[in-house]
Structure formats: structure tokens, C-alpha cells
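J.: Sequence:
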Amino acid sequence: MTMILSVCEPGDKIIVPRNVHKSVMSAIIFSGAKPVFVSPAQDANLGIDHGVTTGAIRRALERHPDAKALLVINPTYQVPVLVDEAHGVLIHFHEDLPLSAMAAGADMAATSVHKLGGSMTQSSVLNLNTKNGFVNPQRVQTILSMLTSTSTSYILLASLDTSRRNLALNGHQMAQKAIDLAEFARRSINDMDGLYCFGRELLGTEATFNYDPTKVTIHVRHLGITGYETENWLREHYKIEVELSDMYNILCLITPGDTDDSIEILLNALQDLSRTYYQVNPAHELVVKVPDVPQLMLTPRDAFYGDTEVIPFKESAGRIISEFIYVYPPGIPILLPGEVITQENIDYIIDHVEVGLPVKGPEDRSVTNVKVIVEADAIF
1 MTMILSVCEP
11 GDKIIVPRNV
21 HKSVMSAIIF
31 SGAKPVFVSP
41 AQDANLGIDH
51 GVTTGAIRRA
61 LERHPDAKAL
71 LVINPTYQVP
81 VLVDEAHGVL
91 IHFHEDLPLS
101 AMAAGADMAA
111 TSVHKLGGSM
121 TQSSVLNLNT
131 KNGFVNPQRV
141 QTILSMLTST
151 STSYILLASL
161 DTSRRNLALN
171 GHQMAQKAID
181 LAEFARRSIN
191 DMDGLYCFGR
201 ELLGTEATFN
211 YDPTKVTIHV
221 RHLGITGYET
231 ENWLREHYKI
241 EVELSDMYNI
251 LCLITPGDTD
261 DSIEILLNAL
271 QDLSRTYYQV
281 NPAHELVVKV
291 PDVPQLMLTP
301 RDAFYGDTEV
311 IPFKESAGRI
321 ISEFIYVYPP
331 GIPILLPGEV
341 ITQENIDYII
351 DHVEVGLPVK
361 GPEDRSVTNV
371 KVIVEADAIF
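Its first residue numbered 1, the sequence shown is counted upward by one per residue in the UniProt record's numbering.
For the record, the hints were derived by calculation from the structure and aren't laboratory data. One thing to keep in mind: the hints can contain errors.
[As the list claims (entries may be wrong)] Derived lysine to aspartate or glutamate pairs resembling EDC-like cross-links, with alpha carbons at most 20 Å apart: (1) Lys239 to Asp258; (2) Lys215 to Asp161; (3) Lys215 to Asp96; (4) Lys371 to Glu344; (5) Lys177 to Asp193; (6) Lys314 to Glu229; (7) Lys371 to Asp307.
[What the hints assert, rightly or not] Beta-carbon label-pair distances, calculated as ranges: (8) Thr130 to Thr205: 29 to 35 Å; (9) Arg200 to Val280: 29 to 35 Å; (10) Asn190 to Ala104: 26 to 32 Å.
Think of the CB as a built atom: it goes at the ideal place given N, C-alpha and C, for glycine as much as any other residue.
Work out the full structure, taking the sequences as your base and the hints as a guide.
T.: Have a look at this one:
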């Protein structure tokens with residue numbers, strides 16, 4: 001949030017991937033900026049997004065040369081580049097992990113040390129690079145002071161400093177341990193019926209430059225169950241908590257805190273899952289069509305603060321939504337304020353609700369009703 005508010009003012013354009021986290025869109029609402037969306041490449045087989053291609057970014061910059069900032073990973077575009085590197089605290093410390101944002105030349109990068117670096121929850125680091133001349137550190141400090149408490153928690157600061165020291169002294173060893181455990185898990189999972197855990201075989205395209213091997217994504221589509229059902233099954237039968245799930249996949253984070261024993265528990269659970277579901281109902285593989293990116297008719301800020309009314313969600317096609325709808329985790333919006341709701345969006349979200357995926361965002365948590373902008377007629 002500090003990154004975006006430091007470089008964007010009301011009406012400024014910022015180029016962002018459409019699959020950004022809800023927190024990025026919250027910052028855009030507060031700043032009054034106008035998002036210019038670029039779509040990531042999609043993998044229809046796995047049901048996941050890959051990266052945004054450099055070609056897509058270049059085209060966006062050519063069409064919007066007045067853009068004030070760019071939120072992506074590859075910082076080579078002569079505008080301030082802001083990076084959400086929430087799970088990237090370890091990548092600076094090992095050559096087999098992706099290039100860190102700051103090493104790649106980003107102007108600002110937010111790193112959630114508490115996620116994988118060992119500090120206490122809510123403790124993160126904002127990295128600044130002033131060499132490119134795009135970031136004013138005094139402006140950043142001013143914005144940061146507006147967004148944070150005046151009663152600083154020295155417990156959190158101390159935990160950050162302790163984690164910083166541990167990473168500086170032992171970061172490579174910690175990362176190597178996590179990589180070794182993850183690669184062993186990946187090989188073992190790929191020997192199980194109905195499960196697939198991708199690796200470097202997906203690399204080599206413009207949208208898949210690199211990947212973090214410690215993020216173990218397990219594709220469960222061929223078991224005939226959803227990722228969300230898999231998450232619940234692992235929790236109920238083995239007390240295993242995964243990072244997130246979607247229609248087709250679960251994500252397991254392998255960290256320096258894991259051991260041979262914890263990986264063995266995971267593998268035993270997945271083997272049991274495979275035996276339970278594989279070929280029980282092979283004809284009922286899930287097929288979900290991801291809808292196209294909705295049309296943005298109002299800035300998110302104008303839609304969020306505009307005059308609204310509540311209508312049945314199933315009757316909302318053609319209306320401009322005034323609130324977020326997203327699946328959490330990971331918290332990436334399916335619809336965001338200012339976009340036009342399509343029938344595809346409605347069907348897609350209802351499918352998620354019916355299979356039990358955690359759809360969140362609307363004030364009506366059942367997603368029966370939705371807030372839309374007051375207007376005479378639907379757009380289509």
C-alpha cells in the first residue's frame with residue numbers, strides 16, 4: 001500500500017496484472033489511481049496463471065505512455081516498478097531460487113519476512129532502490145507514517161532484526177534444506193496415481209521464466225475432487241494445513257521449519273488420498289472455464305464510494321459492481337469495484353460457492369446479493 005500511495009495520485013494510471021492481491025486493489029482505491037490491467041498467461045491444463053509476459057507489459061506501456069507506475073516482476077521499463085514479494089524472503093539467499101526483486105532492479109519491493117523468514121506475524125520489510133531516480137525516500141516515509149501506528153511495536157521490530165541476522169548468517173543453508181525437502185517431495189508425489197506436481201518442465205516460455213521449487217503445487221484434477229475438498233480431507237484425516245487450494249490444486253509451502261518427518265507425514269497422507277479417490281469416479285473430472293477479464297467502467301475508488309443498491313447476485317449481469325468478490329486464500333479478486341458483471345462471472349462464482357470454496361468480499365457473505373452502482377439500465 002505504501003508503494004502505490006508513494007508514486008500514484010488520484011487519476012494516475014498504474015499498470016498491474018489482473019491477478020494481483022486484494023491488498024493492491026485496496027491501495028489503488030485509497031490512492032484514486034486508475035488501474036490498467038494486463039492478463040497473465042493461463043495454463044488450461046493445470047487451471048493456474050503463469051506470469052505476465054514482457055510483450056504484454058510493453059504493449060500496455062505503448063498504449064498508456066502516461067502510466068505513473070508498473071507493478072510487475074521484471075523491472076526494465078523506465079517507470080517506477082513496484083513488486084509484491086510477499087513469499088520471497090529466501091530467494092535472495094540461494095542461487096537455485098528466482099532472482100530477487102531488488103537484485104533485478106525494482107524500485108520498491110514489499111517482503112513479508114513473517115511468512116517464511118521466521119519473524120513474528122505482521123512484521124514485513126519495504127525495500128527501496130533510489131538509484132533509478134523514481135522513488136523519493138522522504139515521500140515514502142511520509143506515506144508510511146500515515147499508514148502505520150504511532151505506537152511502534154518493538155517486539156515486532158526485534159523479531160525482524162533477529163530474523164535478519166539469522167538469514168544473513170544461515171540463509172543459504174536454510175534455503176538449501178527447504179529446496180532438498182521440496183524436490184524429494186515432488187519426485188515422490190509424481191509417482192502417485194492421479195497426482196501431478198509440476199517442476200522445471202513448465203519453464204522456457206515467455207510467461208514461465210523461473211519458479212520457486214519450495215512451492216509445491218499438487219494438481220488433483222484426475223482424482224475427480226476439487227482442491228478445496230482435498231484441503232478439507234487432509235485437515236480432517238491427517239491434521240495437515242495447506243497454504244491454499246482452488247478448483248484443481250493445493251499448494252504446500254516447504255520451509256526451513258520442515259523436517260524429514262513432516263515431509264513423510266505429507267507423503268503418507270497424499271498416498272492415502274490417491275488410494276481413496278483414484279479411478280473411483282474417473283469420468284467426473286472437473287472442467288471449469290475461467291471467465292474473461294471484466295470490463296472496467298469506473299475507477300475502483302469511484303465505484304467503491306459511489307451510490308449503490310443491493311440486488312440479487314444471479315440478476316446482476318450488466319451492472320457495475322461496487323465491492324470485491326474473491327476466493328481467499330489467495331485473495332485475488334474475481335470481480336473488483338468498477339467492473340461490469342457478466343453472466344460468465346456469475347456462473348463461475350456460483351460454481352465456487354457450490355463446491356465449498358471460500359468466496360469472500362461481499363457484505364452478504366452468502367453471495368446471494370451484491371452491491372452495484374445505481375444506474376438507469378444495465379450496460380448489456
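J.: Decide, hint by hint, whether the structure agrees.
T.: Hint by hint, here is what the structure shows:
no.: 1; hint: Lys239 to Asp258; result: holds, 15 Å
no.: 2; hint: Lys215 to Asp161; result: violated, 25 Å
no.: 3; hint: Lys215 to Asp96; result: holds, 13 Å
no.: 4; hint: Lys371 to Glu344; result: holds, 18 Å
no.: 5; hint: Lys177 to Asp193; result: violated, 27 Å
no.: 6; hint: Lys314 to Glu229; result: violated, 25 Å
no.: 7; hint: Lys371 to Asp307; result: holds, 10 Å
no.: 8; hint: Thr130 to Thr205: 29 to 35 Å; result: holds, 34 Å
no.: 9; hint: Arg200 to Val280: 29 to 35 Å; result: holds, 32 Å
no.: 10; hint: Asn190 to Ala104: 26 to 32 Å; result: holds, 30 Å
In summary, the structure is inconsistent with hints 2, 5, 6 from the numbered list given earlier, while agreeing with the others.
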